[in-house]
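Novice: Please model the entire structure based on the sequences and the hints provided.
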Amino acid sequence: MTRLLPTPSQTVGPYLSIGLPWPDGPHVVPEGTPGAFWIRGTVRDGNGDPVPDAMIETWQADPEGGFAHPDDPRGAPGSEFRGFGRCPTDGDGTYEILTLLPGVVPGEGGTTQAPHIDVSVFARGLLNRVVTRIYFEDQDNSADPVLATVPAERRGTLIAAKTEDGYRFDVRLQGDGETVFFSV
Amino acid sequence: MATPTELRLPRYGQEPEGTHPPLDSAGYRSTALRHPKQDLVLLPQMLTEVTGPLLGPGRLNELDNDLTRQHAGEPQGQRIIVTGRLLDGEGRPVRDSLVEIWQANAGGRYRHTGDRWPSPLDPNFDGVGRTLTDSDGRYTFTTIKPGAYPWKNHDNAWRPAHIHFSVFGSAFTQRLVTQMYFPDDPLFSQDPIFNSIPDEKARQRMVSRYDHEITQSEWALGFQFDIVLRGRDASVFEEEEDEDE
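Those sequence lines, one after another, are chains A and B.
The first sequence begins at 1 in my numbering and counts up one residue at a time.
The second sequence begins at 1001 in my numbering and counts up one residue at a time.
To be clear, the hints were calculated from the coordinates, so they are not data collected in a lab.
For every residue, glycine included, the Cβ atom is placed at its ideal position computed from N, Cα and C.
Misleading hints may appear alongside valid ones.
What the hints assert, rightly or not - Using 16 Å as the maximum straight-line C-alpha spacing, the simulated EDC-like pairs for lysine to aspartate or glutamate come out as follows:
| hint | chain 1 | residue 1 | chain 2 | residue 2 |
| --- | --- | --- | --- | --- |
| 1 | B | K1037 | A | D176 |
| 2 | B | K1037 | B | D1024 |
| 3 | B | K1037 | A | E178 |
| 4 | A | K162 | A | D140 |
What the hints assert, rightly or not - Covered stretches of chain B (chain A as the covering partner; in silico rule of three or more C-beta atoms under 8 Å from a C-beta of chain A):
| hint | region |
| --- | --- |
| 5 | 1048-1062 |
| 6 | 1077-1085 |
| 7 | 1107-1115 |
Unchecked claim - Stretches of chain A that chain B covers, calculated by requiring three or more beta carbons in the stretch to come under 8 Å of a beta carbon on chain B:
| hint | region |
| --- | --- |
| 8 | 32-42 |
| 9 | 56-63 |
| 10 | 174-183 |
Specialist: See below:
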């Protein structure tokens, strides 16, 4: 079979906010959903300056660890959970996502993954998205097979800190405390 | 429900070297402070990565795929029809998938408060469109040809005319944002964003093709632009048999 070669990635440019955000994008679940919390954070560049023309997208399991997707071999989950969040950064480089804690997700070979959220970061100056993961400081992350592959001294960049109404997860694109980014 | 050892997941193949731009691309100055300097860590493809949001018609309004009809009047500029197929690396159509576009107006100006290029705004053009691919993976937009515009990246820098495309595919690993360019643009040679793609053949995959079949008499020029996402590996990863139900 002839394989087709992929279309290259390009930057979203400085004006992504005219085309990509949705009014309900930051709401993975509606406000008032029991158990919902805010994940907020600031995207910063190599100078530590906030990035006002970035966008965060999140993808995660539902609270039972299920995905409403045909490639989840465990079958349809019990909820209609969208699992997807999208928020541009504001003038202060800050985004926010209202969501629920994802459940434990199976890994390979009998392992389980700690609750986590996959994250894409898009911005002017990023020619391709960069990918990271959010874990939660008050969950048991000790046996997570992905965190285990990250150098111990950098794992903290993937752990969201508890706040009054949810968690804080900052993204540092470059420099001191640079976020761990993954190749997918 | 299957136990974790019985998970059988698709695998998405690696993309060929040179397809995507290096995050550190000195010619495009904005990458300087925004590219990670630490090595990327390999993320194994597990459930979160091989699934992705399936965003259906709930995201769409009736006129989202016709950017020339979103206001009382018609926008200025050359009306065009842009159509193509969303495919994966095996040539399979990616169906029912959300395609989003945004672009400058005919004078090269975006409807964005940050765009200070003194070309007039067009009251009849937002430059924003959405549609879903059909069962053949095809999408179609009616819009106007965007203009080139200057930017401050380098001396006498002008962006070639382009339309931004955002596509989801069906898995987190397939998510793609790209730009569609127009054939034979004289500005390609000096554009560091277009030229950030190392491989010449890969660059050409971002250039649409004029299509006289799509062109409509006394109405609009037609362009074809297929988008190819990363495909699944031919050999599906399998573990021991078998699910019990």
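Novice: Do at least three Cβ atoms from the region 1077-1085 of chain B come closer than 8 Å to Cβ atoms of chain A?
Specialist: Coverage by chain A is violated for the region 1077-1085 of chain B (0 residues, Cβ < 8 Å).
Novice: CA of K1037 (chain B) to CA of E178 (chain A), is that 16 Å or under?
Specialist: holds (8 Å)
Novice: Are 3 or more residues of the region 56-63 of chain A near chain B, judged by a Cβ distance of less than 8 Å?
Specialist: With 4 residues in contact (Cβ-Cβ under 8 Å with chain B), the coverage given for the region 56-63 of chain A holds.
Novice: With a C-beta cutoff of 8 Å, work out whether three or more residues of the region 32-42 of chain A approach chain B closely enough for the coverage to hold.
Specialist: That given contact is violated, which follows from only 0 residues of the region 32-42 of chain A lying within Cβ reach (below 8 Å) of chain B.
Novice: Quick check: do three or more residues in the region 1048-1062 of chain B have a beta carbon closer than 8 Å to a beta carbon of chain A?
Specialist: holds (count 9)
Novice: Can you confirm whether the C-alpha distance between K1037 (chain B) and D176 (chain A) stays at or below 16 Å?
Specialist: Holds, at about 10 Å.
Novice: Given the hint that K1037 (chain B) pairs with D1024 (chain B), does the C-alpha gap stay at or below 16 Å?
Specialist: holds (9 Å)
Novice: In terms of beta carbon proximity below 8 Å, does the region 174-183 of chain A have 3 or more residues touching chain B?
Specialist: holds (count 8)
Novice: Between the region 1107-1115 of chain B and chain A, are there enough contacts, at least three residues with CB-CB distance under 8 Å, for the coverage claim to hold?
Specialist: holds (count 5)
Novice: Quick one, are K162 (chain A) and D140 (chain A) close enough, alpha carbons at most 16 Å?
Specialist: holds (14 Å)
Comparing the model with each numbered hint stated earlier shows that hints 6 and 8 do not hold.
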